[in-house]
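Participant: Starting from two chains that each stand alone, build the complex the way the hints lay out.
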Amino acid sequence: EAQVTQNPRYLITVTGKKLTVTCSQNMNHEYMSWYRQDPGLGLRQIYYSMNVEVTDKGDVPEGYKVSRKEKRNFPLILESPSPNQTSLYFCASSLVGRRTDTQYFGPGTRLTVL
Amino acid sequence: AQSVAQPEDQVNVAEGNPLTVKCTYSVSGNPYLFWYVQYPNRGLQFLLKYITGDNLVKGSYGFEAEFNKSQTSFHLKKPSALVSDSALYFCAVRAPDSNYQLIWGAGTKLIIKP
Numbered sequence: 001e002a003q004v005t006q007n008p009r010y011l012i013t014v015t016g017k018k019l020t021v022t023c024s025q026n027m028n029h030e031y032m033s034w035y036r037q038d039p040g041l042g043l044r045q046i047y048y049s050m051n052v053e054v055t056d057k058g059d060v061p062e063g064y065k066v067s068r069k070e071k072r073n074f075p076l077i078l079e080s081p082s083p084n085q086t087s088l089y090f091c092a093s094s095l096v097g098r099r100t101d102t103q104y105f106g107p108g109t110r111l112t113v114l
Numbered sequence: 115a116q117s118v119a120q121p122e123d124q125v126n127v128a129e130g131n132p133l134t135v136k137c138t139y140s141v142s143g144n145p146y147l148f149w150y151v152q153y154p155n156r157g158l159q160f161l162l163k164y165i166t167g168d169n170l171v172k173g174s175y176g177f178e179a180e181f182n183k184s185q186t187s188f189h190l191k192k193p194s195a196l197v198s199d200s201a202l203y204f205c206a207v208r209a210p211d212s213n214y215q216l217i218w219g220a221g222t223k224l225i226i227k228p
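Protein chains in written order, with my numbering: chain A, 1 to 114; chain P, 115 to 228.
Bound conformation, chain P alone (with noise of 0.2 Å):
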């Protein structure tokens, strides 16, 4: 079966220092992969997706994520955490022969301390 995990439910991390949330896969063929952002009362957020091409993909806000084909991973990483970083993260994936439904890990909530 496919599917996302997030091992981290939560992940504490001190403002100024680098801060990754994990999120690996199990889909079949070359999936598109995502990361979106839920602010407290608010919907989700587009960051940044991976297609094809660089490993390495840059989105908003400096956050970044790093595609491993071998790891079937995609951890979204920021080089200096900001307190107003602190959200819930959500992975998803899309397998290319599927009918644009997503699949989704169940949320990483990242908390940046003073």
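Next up, chain A with everything else stripped away, as it sits in the complex (with noise of 0.2 Å):
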């Protein structure tokens, strides 16, 4: 089945303490994305990969890490997390050559930074 998987899927940790949340998919997409959803704000998008080793940062990246060393993977580090980081967090993938193309998502990430 084709899909992209997220791990953990709920975490609640304390300020400081570094943490990362994979994402993985099996559709040999090529771009890679992670977004933070917040009510009231819609999507906003942390940072994405157009291929291996390929990244580059979307709109709210401060605070966030991300790294691209396999296609298939693309995680997402918490250096230190803070409260203002506590979100809904979704990476989504696609195929990169027609910007027709539809991303798929992950079911998500809720995190919890106390």
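Worth flagging that the hints you see were computed from the coordinates, not collected in a lab.
Keep in mind that a hint or two might mislead.
[Claimed, not checked] List time: in silico EDC-like cross-link candidates among lysine to aspartate or glutamate, alpha-carbon distance up to 16 Å:
#1 P/LYS191 with P/ASP211
#2 P/LYS227 with P/GLU129
#3 P/LYS163 with P/GLU178
#4 P/LYS163 with A/ASP101
#5 P/LYS163 with P/GLU180
#6 P/LYS223 with A/ASP38
Facilitator: Structure, rendered in structure tokens:
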């Protein structure tokens, strides 16, 4: 089954404790992206990657890091989480080649930073 | 600045009645337009998209959307609402010269009452 998986689905942590949210897709997509969803703000892009070893900042990259060492994986790293990073996070992927291609989303990771 | 507006935070419709979820955009050129749906505790799912051609686009679950270039709108519609249509709906736009980045609306919560 074609899918985007994220782990963990739920995470409660404390300020300053480094964490990683994993994202993996099995569709051989070149493009991957991380979003955060906050009430009333829709989805805001954190980082995206056009292919292996190619990453770029989205609209709200501060406090986050990413890496793309393999095509299927795109982990999101919070080196020193803060309460304002409490949010619902989504990973997405799509083909590269046509800007008409749709994005496929993971199930989301609900992060709470105390 | 490029933007997408979903003017209604919430839309309430009785089951069996027609529904409309509104979306307007401000993007240069001829954009690509998308609707996604988010069911509770789930990731976003693609509903439909407009690329070119017929202004009325049909998508999943009986939904359709009408592209109106002069009004820069892309409203989502369904002739007869089901309780199971209750969800959060997002409109997204991609400029033709973009780097695959989507511009998202804030979302509209659709509530279908029996």
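Participant: Please write out, lowest number first, the hints stated earlier that are contradicted by the structure.
Facilitator: 1
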